[in-house]
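There are 8 protein chains.
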Amino acid sequence: MDTARASRTGDPEVIFGQGKQPAQVVSILQRLTAEHPDRAVLATRCADDALRACTEEFGGRAQVDPLARTVVVGPWPTAFGRVAVVCAGTSDLPVARECATTVRAHGAETELVADVGVAGLHRLLARLEQIRAADAVVAVAGMEGALPSVLGGLVAAPLVAVPTSVGYGLSMDGTAALLAMLNSCAPGVTVVNVDNGYGAGVAAARIARTIGRLRAGEGAR
Amino acid sequence: MDTARASRTGDPEVIFGQGKQPAQVVSILQRLTAEHPDRAVLATRCADDALRACTEEFGGRAQVDPLARTVVVGPWPTAFGRVAVVCAGTSDLPVARECATTVRAHGAETELVADVGVAGLHRLLARLEQIRAADAVVAVAGMEGALPSVLGGLVAAPLVAVPTSVGYGLSMDGTAALLAMLNSCAPGVTVVNVDNGYGAGVAAARIARTIGRLRAGEGAR
Amino acid sequence: MDTARASRTGDPEVIFGQGKQPAQVVSILQRLTAEHPDRAVLATRCADDALRACTEEFGGRAQVDPLARTVVVGPWPTAFGRVAVVCAGTSDLPVARECATTVRAHGAETELVADVGVAGLHRLLARLEQIRAADAVVAVAGMEGALPSVLGGLVAAPLVAVPTSVGYGLSMDGTAALLAMLNSCAPGVTVVNVDNGYGAGVAAARIARTIGRLRAGEGAR
Amino acid sequence: MDTARASRTGDPEVIFGQGKQPAQVVSILQRLTAEHPDRAVLATRCADDALRACTEEFGGRAQVDPLARTVVVGPWPTAFGRVAVVCAGTSDLPVARECATTVRAHGAETELVADVGVAGLHRLLARLEQIRAADAVVAVAGMEGALPSVLGGLVAAPLVAVPTSVGYGLSMDGTAALLAMLNSCAPGVTVVNVDNGYGAGVAAARIARTIGRLRAGEGAR
Amino acid sequence: MDTARASRTGDPEVIFGQGKQPAQVVSILQRLTAEHPDRAVLATRCADDALRACTEEFGGRAQVDPLARTVVVGPWPTAFGRVAVVCAGTSDLPVARECATTVRAHGAETELVADVGVAGLHRLLARLEQIRAADAVVAVAGMEGALPSVLGGLVAAPLVAVPTSVGYGLSMDGTAALLAMLNSCAPGVTVVNVDNGYGAGVAAARIARTIGRLRAGEGAR
Amino acid sequence: MDTARASRTGDPEVIFGQGKQPAQVVSILQRLTAEHPDRAVLATRCADDALRACTEEFGGRAQVDPLARTVVVGPWPTAFGRVAVVCAGTSDLPVARECATTVRAHGAETELVADVGVAGLHRLLARLEQIRAADAVVAVAGMEGALPSVLGGLVAAPLVAVPTSVGYGLSMDGTAALLAMLNSCAPGVTVVNVDNGYGAGVAAARIARTIGRLRAGEGAR
Amino acid sequence: MDTARASRTGDPEVIFGQGKQPAQVVSILQRLTAEHPDRAVLATRCADDALRACTEEFGGRAQVDPLARTVVVGPWPTAFGRVAVVCAGTSDLPVARECATTVRAHGAETELVADVGVAGLHRLLARLEQIRAADAVVAVAGMEGALPSVLGGLVAAPLVAVPTSVGYGLSMDGTAALLAMLNSCAPGVTVVNVDNGYGAGVAAARIARTIGRLRAGEGAR
Amino acid sequence: MDTARASRTGDPEVIFGQGKQPAQVVSILQRLTAEHPDRAVLATRCADDALRACTEEFGGRAQVDPLARTVVVGPWPTAFGRVAVVCAGTSDLPVARECATTVRAHGAETELVADVGVAGLHRLLARLEQIRAADAVVAVAGMEGALPSVLGGLVAAPLVAVPTSVGYGLSMDGTAALLAMLNSCAPGVTVVNVDNGYGAGVAAARIARTIGRLRAGEGAR
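Chains as they are written, first to last, in the working numbering: chain A, 1 to 221; chain B, 1 to 221; chain C, 1 to 221; chain D, 1 to 221; chain E, 1 to 221; chain F, 1 to 221; chain G, 1 to 221; chain H, 1 to 221.
Please keep in mind that the hints were generated in silico from the structure rather than gathered at the bench. All values derive from a computational prediction rather than experimental measurement. Please note: incorrect hints may appear among the correct ones.
From the structure, some residues in chain E lie toward chain D, with a derived Cβ separation under 7 Å [stated by the list, open to error]: (1) Ile28; (2) Leu182; (3) Gly188; (4) Val192; (5) Gly199.
Far from chain B by the CB rule (all over 12 Å, computed), these chain A residues [stated by the list, open to error]: (6) Pro22; (7) Ile28; (8) Arg123; (9) Arg127; (10) Ala176; (11) Gly219.
Using N, Cα and C, we set each Cβ at its ideal position, and we do this for glycine too.
Hey, can you work out the whole structure from these sequences and the hints?
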């Protein structure tokens with residue numbers, strides 16, 4: 001593992017938990033927090049037993065989110081800038097929360113705006129000012145993936161779209177939503193892989209924290 | 001050809017012009033109008049030279065639309081009910097107009113509402129009352145195909161979605177838009193094949209004209 | 001949840017049960033029936049344990065269909081118009097019955113015509129008059145999805161096609177049937193997503209109940 | 001080239017004309033007819049200029065079909081057995097006629113039954129006795145490819161299905177029809193590649209001529 | 001169920017066991033054998049528990065093949081003609097044996113030639129005379145699906161190819177083998193769906209039994 | 001057209017030239033420059049004849065790039081921040097230059113770093129400091145699309161990846177490169193549609209100009 | 001089984017364990033080692049219970065690798081030449097080790113170079129001399145599959161690429177990596193099927209052992 | 001351009017002619033031959049006009065192959081080792097000859113074995129000894145791509161498979177052949193992209209020339 005990555009990029013260490021045994025996740029977390037007691041370490045895509053093992057091992061020092069399947073150990077970094085994570089329904093929440101936790105661990109504030117699907121436009125419009133106030137926006141959507149196109153016409157901040165595998169029939173595990181986002185008629189929308197809340201969070205946090213640091217009078221790292 | 005179709009279904013005779021020679025299109029139109037001088041005959045997907053041949057042959061008796069690639073010969077049927085055909089941009093107009101002409105030839109009024117893409121929501125909302133007044137709605141869209149999902153949350157009438165092959169990159173000739181429409185989070189949206197303005201027009205006209213006839217005190221056929 | 005939806009569109013409240021815990025399904029049903037004691041609430045795609053939980057909680061007040069995986073609580077709405085739901089084999093019955101229940105909950109009569117596949121044409125022709133008498137037709141089919149094309153040449157009413165994931169080998173979970181329906185040579189066939197009996201039911205009910213209300217001398221809502 | 005093939009399999013020599021220059025097609029035909037003056041030689045998928053070159057070179061000795069893009073030089077073989085080649089519309093005729101000519105050149109009688117699509121069932125039923133009288137049936141169809149499923153429930157003879165690339169939108173150059181045929185609910189339907197009238201003709205002729213020879217009191221070769 | 005099918009087509013009654021409960025399979029078998037005590041009834045794709053239920057219920061009257069997942073109850077029909085079922089490896093045996101049993105139940109002799117893959121050509125050539133003696137050939141293959149192309153150049157009888165889902169990596173559940181068979185350079189190869197040993201058996205038996213009946217001096221049915 | 005868009009989002013007016021006649025492109029450019037004489041108007045994906053028409057009409061006032069197929073009329077906006085546009089080979093240059101021009105028209109500086117493919121790593125490493133100095137990076141690549149993954153491990157700035165349709169064989173018009181970018185092992189890479197240099201330019205410019213304005217002591221718009 | 005294969009090709013006997021029962025794997029291994037006590041026999045893709053059965057049966061005579069799912073019984077062949085097996089992360093190790101064991105069993109030395117992904121280029125460059133010293137190189141990678149392209153520009157030896165099914169979202173079980181490798185901009189890269197470490201090992205060992213034998217003064221077999 | 005590549009890898013300079021103007025191809029060839037008068041320079045995928053321009057410019061110094069679309073200028077390198085390039089039909093010849101020329105330009109002898117498709121096995125077996133004598137084999141095939149599987153069971157040398165886009169119907173521009181080759185049941189077959197005769201030639205030449213140099217008593221480079 002490359003423990004110098006944070007100093008090179010400004011990002012924390014991250015453990016990709018998928019396919020890893022609980023003992024592996026715990027031991028890597030232990031080693032990384034021992035090396036970097038001053039900053040947070042993030043684990044994503046942890047299985048149920050790995051989440052339980054972390055709760056047992058780290059107790060109050062770990063923030064475990066069973067919906068997002070994330071674990072964070074150690075103190076949060078100072079936050080600069082703000083990212084709005086927007087999603088349509090409760091089914092998209094796991095991905096949206098993985099994204100929000102990733103944003104916070106990468107040094108930006110985050111705000112989750114849920115239940116604002118395009119088929120209920122009035123709810124989306126009611127939250128618009130809040131979304132417009134962010135330095136970067138992440139739009140999370142499954143099914144037909146229309147949310148980023150509608151948002152893209154309403155906000156001027158950088159917008160990252162995350163397709164989710166929520167759907168049935170010919171949604172093809174999120175491919176329909178991904179295609180919609182790649183073909184968005186709103187210019188400037190960029191896209192990450194299906195269910196990749198982590199990747200969108202890294203991208204949005206990098207944007208927001210640089211803007212936030214400059215606004216706060218700190219130099220961009 | 002089955003010239004008794006109209007009496008069986010209430011639909012006019014239709015010629016699928018794709019792949020047909022100009023002389024073929026003209027001669028079939030001639031025969032059908034001779035058999036049915038009292039009603040309109042519709043030709044769709046006519047090539048440029050077929051359109052010109054029809055103009056030369058039928059003169060003022062033919063209504064030729066080079067954008068929609070349609071020809072109508074003979075008197076329009078009495079119209080019952082109304083269909084709103086809604087589309088996003090100028091690129092979708094050929095399909096939207098093929099649809100509108102098909103609706104009219106199948107015995108319903110039609111209204112074309114163009115330039116109301118989801119990335120410019122205020123334009124769509126400005127036309128909403130007009131759309132809501134229709135007995136059936138056809139939503140035509142390429143790119144990410146989000147229009148039916150947004151409309152589906154705003155109108156209660158039956159809604160038919162038409163994906164178009166408008167786009168570039170991984171739009172896959174309209175497949176991205178088709179998938180979005182099949183996966184629409186708005187319930188009750190039904191879909192036709194890519195660029196099939198004709199099929200959507202037939203479906204919408206059947207709905208609207210039955211409703212219109214009943215409202216006008218005529219029995220449904 | 002948007003509990004005002006019924007008054008806006010004429011549709012009942014619906015709970016998409018897939019991925020929801022039994023307790024969640026029960027509690028949402030309780031809240032919605034408390035808010036709307038005068039009308040039916042529909043839950044679709046409920047898992048086995050959710051179906052059992054509903055039976056225990058609501059007893060005789062709930063209509064639970066384990067094949068269709070639907071639950072309806074509260075009084076049926078007055079029905080206007082009639083929808084024929086047609087399918088080929090016993091394997092398609094779950095989708096066909098989800099559709100029929102949806103139609104009834106959305107305010108139209110329904111009639112299920114099963115075991116009329118295209119490879120046994122005489123059975124289909126024997127039921128034709130019954131199907132032709134409906135205000136809207138839903139054709140449910142897996143495998144090669146040919147039923148809507150054959151029906152489309154025989155009936156004049158609006159026809160919605162539902163592909164099912166019934167099949168094996170290269171049926172690709174219903175995609176083969178979906179493609180067949182999109183490419184139907186019968187004009188005016190519209191299509192919904194694979195196994196989406198609910199969506200087809202909503203679309204067909206909206207058509208039939210408007211026609212039925214007008215025929216009954218009530219204004220279309 | 002393997003000029004001994006006929007004696008080994010009972011099939012004639014065949015030239016695949018696609019991608020070949022007119023002079024190449026003519027010279028191979030000349031060589032094969034010189035080697036086998038007593039039997040027909042077949043060329044398929046000939047381009048327009050190759051067809052013209054064959055007409056000029058062989059005159060009355062060649063049977064040139066510009067629609068099927070086939071050329072036959074030399075005497076037809078004695079025919080045993082009969083193949084019905086059935087198709088829906090005029091657009092499928094080129095493939096159906098390539099198939100019929102292939103059948104005849106491989107030593108069986110053939111009969112072309114056109115304009116019997118599944119959306120006009122009465123026309124198909126009117127020709128049923130004629131089709132049932134054949135020793136093998138080839139069903140040619142584009143669009144949704146439903147014809148073999150309907151025929152498969154009506155005839156007992158071996159049935160080969162040929163999907164054609166006739167269609168638009170998401171017909172995917174005949175793939176939709178191919179998938180429908182592979183997933184046919186009628187048992188015993190076998191399928192060849194898209195537009196492969198030649199392959200279906202070879203398969204059907206081999207079946208029919210063996211049956212015909214036996215019926216005629218000649219031994220199967 | 002259509003119990004008159006046998007008299008119409010010469011085929012036995014068949015139960016598609018996939019997705020059916022053991023009790024359902026047993027009860028349909030009971031009813032059909034009661035109606036037709038003089039002929040065999042075939043059930044395919046039976047699950048393990050359905051196979052056990054049939055063994056318990058029918059005892060010595062049933063022939064149960066756990067590898068092929070087939071059950072046959074009642075006396076075999078008199079066999080006419082012979083079908084060679086050829087496959088490459090032990091993994092293809094379930095499909096090959098489903099095919100062979102289907103052939104026998106449809107009234108033709110069958111012969112299983114296994115372990116003759118194209119990468120071990122000498123084994124295939126050693127069995128060639130046996131294969132050439134058949135009235136129809138079925139070639140069963142997974143992986144790259146090359147067996148029908150090699151066989152197609154060696155035998156003159158009608159040849160039906162069955163792709164199997166045997167493979168790994170990008171075999172795509174038999175699609176790679178299916179595509180290879182559709183694109184075979186050997187003319188006259190026809191294809192059925194992936195793992196559809198039943199369909200290939202029906203097609204091959206219809207060919208072989210007609211030829212066999214004629215050779216035996218009986219008229220073709 | 002929505003001429004107030006610039007004031008709402010900080011972006012210029014843009015004309016999508018694909019499918020538009022030369023006269024249409026010229027007349028829209030004229031109208032927009034008349035309405036906004038103080039800022040640049042951008043046209044993308046212009047055909048050869050549209051580019052020539054712009055040169056004739058606007059002369060020295062228009063900057064026409066035949067490789068990128070872009071036209072810019074009017075004064076460039078003041079630039080804040082800097083975007084590095086990186087690509088592998090000369091074949092990717094049209095997309096890279098469309099991107100660079102888009103960046104400049106949207107108010108950021110741009111720098112084109114070409115001929116740095118991953119199979120010639122030393123050339124890429126030689127330009128690394130220059131790339132690292134940018135506020136946002138766009139990586140343009142066809143073929144296997146590996147450039148963003150390699151760059152993603154070397155730079156800390158926000159990185160937008162653009163797949164191009166450069167390739168042959170099974171590159172599937174840029175889909176192979178798109179998939180590689182979506183699956184990049186480097187975190188934080190976001191992706192736009194194939195050949196969508198314009199979309200990447202909009203996204204990168206929005207990021208860079210906000211950072212640049214703040215660094216320059218101007219407030220973010 | 002063809003036990004003469006080794007003498008014909010220089011390769012050992014190999015058992016494809018996937019889908020085989022533990023007892024089958026053990027008994028085939030026993031028979032082959034009895035026939036060939038002087039050389040190693042390799043079993044690949046063994047399930048957990050098959051691995052345990054081999055350990056119990058063969059004890060110290062078997063080399064069982066639970067990660068690679070391989071079993072080797074009998075003495076290794078003398079090794080000639082050397083193959084470097086290179087992979088990015090721990091997730092690719094099972095495929096990489098199956099490859100390395102295959103190489104050794106086919107008579108070449110092997111060296112596993114792990115944890116050298118393209119997003120951490122310095123680690124790859126640090127191992128470059130070691131990789132360059134090999135007679136053949138196998139590059140194993142999932143996700144975006146970029147490793148062979150980067151390696152291809154750095155080494156001159158024959159290079160075989162193995163895509164793995166490691167990934168998530170639209171990695172499509174290794175298809176994204178496979179496509180990247182087929183489209184590599186580095187010339188001379190050849191590719192095997194997804195997760196086919198065995199196939200790559202066979203190919204690389206054949207190359208390296210021939211080179212090694214010649215270098216050692218032995219004739220190529 | 002990186003003119004030091006040859007000394008680093010032993011490969012010549014190569015120009016990818018696709019998409020390049022005739023003048024560009026000529027001028028790059030001129031520069032490279034001026035820099036390296038002692039060795040051959042290879043241009044692939046040249047358009048007709050580029051081939052003519054090379055003939056005019058270089059005359060007898062250039063070897064122009066209009067079928068393979070290759071140009072070689074300068075003296076051939078000394079050849080070590082031998083590669084057999086095997087293909088089925090005349091349609092595969094352009095790819096096979098591009099491969100053979102590439103092999104020769106990369107320093108190995110080459111031998112073209114054409115017209116040996118798997119449906120005419122006797123022709124293939126007649127050439128077997130010649131193929132077995134080579135140090136590496138390239139198998140070129142379109143349609144069902146079965147040739148490498150058959151060859152793989154017959155030869156022990158390293159075998160590279162090249163799918164070609166030769167075919168029709170659902171050959172999907174060579175994808176069917178590519179899939180067959182990736183799924184070959186013969187172990188050790190490696191594959192390149194569709195129509196990539198150049199890539200296969202580079203891979204095979206690297207293998208053969210190293211073996212040839214060692215056999216000739218020269219050290220491997």
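Using 7 Å as the Cβ threshold, decide whether E:Ile28 counts as touching chain D.
Because about 17 Å separates E:Ile28 from the closest Cβ in chain D, which is outside the 7 Å limit, the hint is violated.
Is the nearest Cβ of chain B still more than 12 Å from the Cβ of A:Arg123?
Incorrect as stated: the minimum Cβ-Cβ distance to chain B is 10 Å, not above 12 Å.
A:Ala176 remote from chain B - nearest C-beta pair above 12 Å:
Nearest chain B Cβ is 4 Å from A:Ala176, so the label is violated.
Does A:Pro22 clear chain B by more than 12 Å, comparing its Cβ with all Cβ atoms of that chain?
holds (36 Å)
Quick one, is the E:Gly188 hint okay against chain D at 7 Å, beta carbons?
holds (4 Å)
Quick check for students: does the CB of A:Arg127 sit more than 12 Å from each CB in chain B?
About 14 Å separates A:Arg127 from the closest Cβ of chain B, which puts it past 12 Å; holds.
Grab the minimum C-beta distance from E:Val192 to chain D and call the hint holds if it beats 7 Å, violated otherwise.
holds (6 Å)
Run the C-beta distances from A:Ile28 to all of chain B and say if the shortest one exceeds 12 Å.
Check passes; 37 Å lies beyond 12 Å.
Beyond 12 Å from every chain B Cβ: check whether that's true for A:Gly219.
The claim holds: A:Gly219 sits with its nearest Cβ about 36 Å from chain B, beyond 12 Å.
Chain D contact restraint for E:Leu182 - C-beta distance below 7 Å
Since the shortest Cβ distance to chain D is 4 Å, the answer is holds.
Identify whether the interface hint at E:Gly199 stands, where standing means a beta carbon of chain D within less than 7 Å of its own.
This interface hint holds because 6 Å falls under the 7 Å limit.
In terms of the numbered hints stated before, the structure departs from hints 1, 8 and 10, listed from lowest to highest.
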